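Peer 1: Whatever position you read off the sequence shown (first residue = 1), add 16 for our numbering.
There's no promise every hint is true.
[Claimed, not checked] Label pairs and their computed distance ranges (CB to CB):
id, residue 1, residue 2, range
1, 19, 48, 43 to 51 Å
2, 208, 112, 33 to 41 Å
3, 47, 205, 23 to 31 Å
4, 136, 204, 31 to 39 Å
[Claimed, not checked] 20 Å max Cα-Cα, derived SDA-like pairs, lysine to any residue:
id, residue 1, residue 2
5, 139, 35
6, 80, 90
7, 139, 107
8, 80, 42
9, 139, 42
10, 80, 19
11, 196, 36
12, 196, 151
13, 80, 17
14, 200, 36
15, 200, 259
These are calculated hints, taken from the structure and not from any lab test. Owing to the predicted nature of the structure, the values given are computational and were not obtained by experimental measurement. Cβ atoms here follow ideal geometry from the backbone N, Cα and C, with glycine treated the same way.
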Amino acid sequence: MNYRIVSKIIGVLLMLEALMMVPSLIISIIYKEHDSVVFAMIIPLIALVGFLLSKIQCETKLIKVREGFAIVAFGWVVFSLFGSLPFYLSGSIPSFIDAYFETVSGFTTTGASILTEIESLPKGVLFWRSFTHWNGGMGILVFTVALLPKFGVGGFQIFKAESPGPVVDKIAPRINDYAKILYKTYIFITVLQISLLWFAGMNLYDAAVHTFGTVGTGGFSTKNMSVGAYDSPLIQMIIAVFMVVA
Numbered sequence: 017m018n019y020r021i022v023s024k025i026i027g028v029l030l031m032l033e034a035l036m037m038v039p040s041l042i043i044s045i046i047y048k049e050h051d052s053v054v055f056a057m058i059i060p061l062i063a064l065v066g067f068l069l070s071k072i073q074c075e076t077k078l079i080k081v082r083e084g085f086a087i088v089a090f091g092w093v094v095f096s097l098f099g100s101l102p103f104y105l106s107g108s109i110p111s112f113i114d115a116y117f118e119t120v121s122g123f124t125t126t127g128a129s130i131l132t133e134i135e136s137l138p139k140g141v142l143f144w145r146s147f148t149h150w151n152g153g154m155g156i157l158v159f160t161v162a163l164l165p166k167f168g169v170g171g172f173q174i175f176k177a178e179s180p181g182p183v184v185d186k187i188a189p190r191i192n193d194y195a196k197i198l199y200k201t202y203i204f205i206t207v208l209q210i211s212l213l214w215f216a217g218m219n220l221y222d223a224a225v226h227t228f229g230t231v232g233t234g235g236f237s238t239k240n241m242s243v244g245a246y247d248s249p250l251i252q253m254i255i256a257v258f259m260v261v262a
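Please build the complete structure, drawing on both the sequences and the hints.
Peer 2: Shown next as C-alpha cells:
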C-alpha cells in the first residue's frame with residue numbers, strides 16, 4: 017500500500033472542501049450571522065491541512081486498485097469529519113456525533129437528519145448542510161479525478177472504486193473528460209432549477225438550498241415542513257420534475 021499517495025490525494029480533497037465552504041462563509045457574512053467567524057476559522061485550517069498533505073513527496077504517483085479503494089474509504093471519513101466542524105463549532109448541533117451523522121447523511125445524500133428545529137439555525141450553516149448534498153450527489157471524488165492531472169496523478173482507480181461496474185472500464189481512456197462533462201451537465205441542471213424556483217416565488221437563497229437538496233437527491237430543506245411550507249403547486253411541480261431529472 018502506498019500510504020504517501022493516499023495521504024496526498026486526501027490532501028487535495030481537503031483543499032477542495034475548504035473551497036466548497038467559501039459560499040457558506042459569504043452567505044453568513046451577507047446575513048451578518050455569528051457563524052461567519054466559525055467558517056472564517058475553519059476554512060484556512062482545512063486548507064492548511066490539505067495543503068501540507070498534498071505536498072507529501074511520492075516515489076511513484078501511480079494509483080493502483082488498493083490505493084484507489086483506500087482513498088475512497090478514508091476520503092469519505094476524513095471529508096465528513098472536517099465537514100462536520102461548522103455544525104459543531106457554531107453550536108448549531110452541540111453533539112459532535114450528531115454533527116458527524118448530519119454531515120455523513122449530507123455527503124452520502126441519504127437525507128436522514130437528527131434535527132427537529134431547522135428554521136432557527138443560521139443561514140450559512142443551512143446552506144452548508146444542503147451544499148453537502150450537492151457535492152455528494154455528483155461525487156466529490158469524481159470531481160477530484162478531473163483535477164488530479166494538475167498534480168501529476170492519474171485518477172482512474174479512484175473513479176473505479178467510487179463507481180464500480182463494467183461500464184467504468186470502457187470510459188477509462190477519457191476519464192478526465194468524462195468527469196468534466198458530468199459536472200458541466202450537473203451545474204447546468206442546478207442553475208436551471210434555481211432560476212425556475214426563483215421565478216416561481218422562492219427567494220434566491222431558498223431556491224439554491226432546495227435545488228442542492230433536489231439535484232443531489234438528498235432532500236434537505238430550510239423549513240421544518242420542507243417544501244410543504246410554501247403551499248405552492250408550481251414549486252412542488254418544479255421540484256418533482258427535477259427529482260426525476262436528477
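Peer 1: Is the gap between the beta carbons of residue 136 and residue 204 within 31 to 39 Å?
Peer 2: holds, 34 Å
Peer 1: Within 20 Å, alpha carbon to alpha carbon, are residue 139 and residue 35?
Peer 2: holds, 18 Å
Peer 1: So if I understand the rule, the pair passes when the alpha-carbon distance is 20 Å or less; does residue 200 with residue 36 pass?
Peer 2: holds, 17 Å
Peer 1: For the pair supplied as a hint, residue 200 and residue 259, is the alpha-carbon distance within the 20 Å limit?
Peer 2: Satisfied, since the Cα-Cα distance of roughly 18 Å is no more than 20 Å.
Peer 1: CA of residue 80 to CA of residue 90, is that 20 Å or under?
Peer 2: holds, 15 Å
Peer 1: Has the given pair, residue 80 with residue 19, been kept, meaning a C-alpha gap of at most 20 Å?
Peer 2: Status holds; Cα separation ~12 Å.
Peer 1: For the pair supplied as a hint, residue 139 and residue 42, is the alpha-carbon distance within the 20 Å limit?
Peer 2: holds, 10 Å
Peer 1: Is it true that the CA of residue 80 sits at most 20 Å from the CA of residue 42?
Peer 2: Distance of about 39 Å is beyond 20 Å: violated.
Peer 1: Between residue 47 and residue 205, is the Cβ distance one that fits in 23 to 31 Å?
Peer 2: holds, 27 Å
Peer 1: Given the hint of 43 to 51 Å, is the C-beta distance from residue 19 to residue 48 inside that range or not?
Peer 2: holds, 44 Å
Peer 1: Please verify whether residue 139 and residue 107 have alpha carbons no more than 20 Å apart.
Peer 2: holds, 13 Å
Peer 1: Has the given pair, residue 196 with residue 151, been kept, meaning a C-alpha gap of at most 20 Å?
Peer 2: holds, 14 Å
In the structure shown, a violation is registered for the earlier hint numbered 8 alone.
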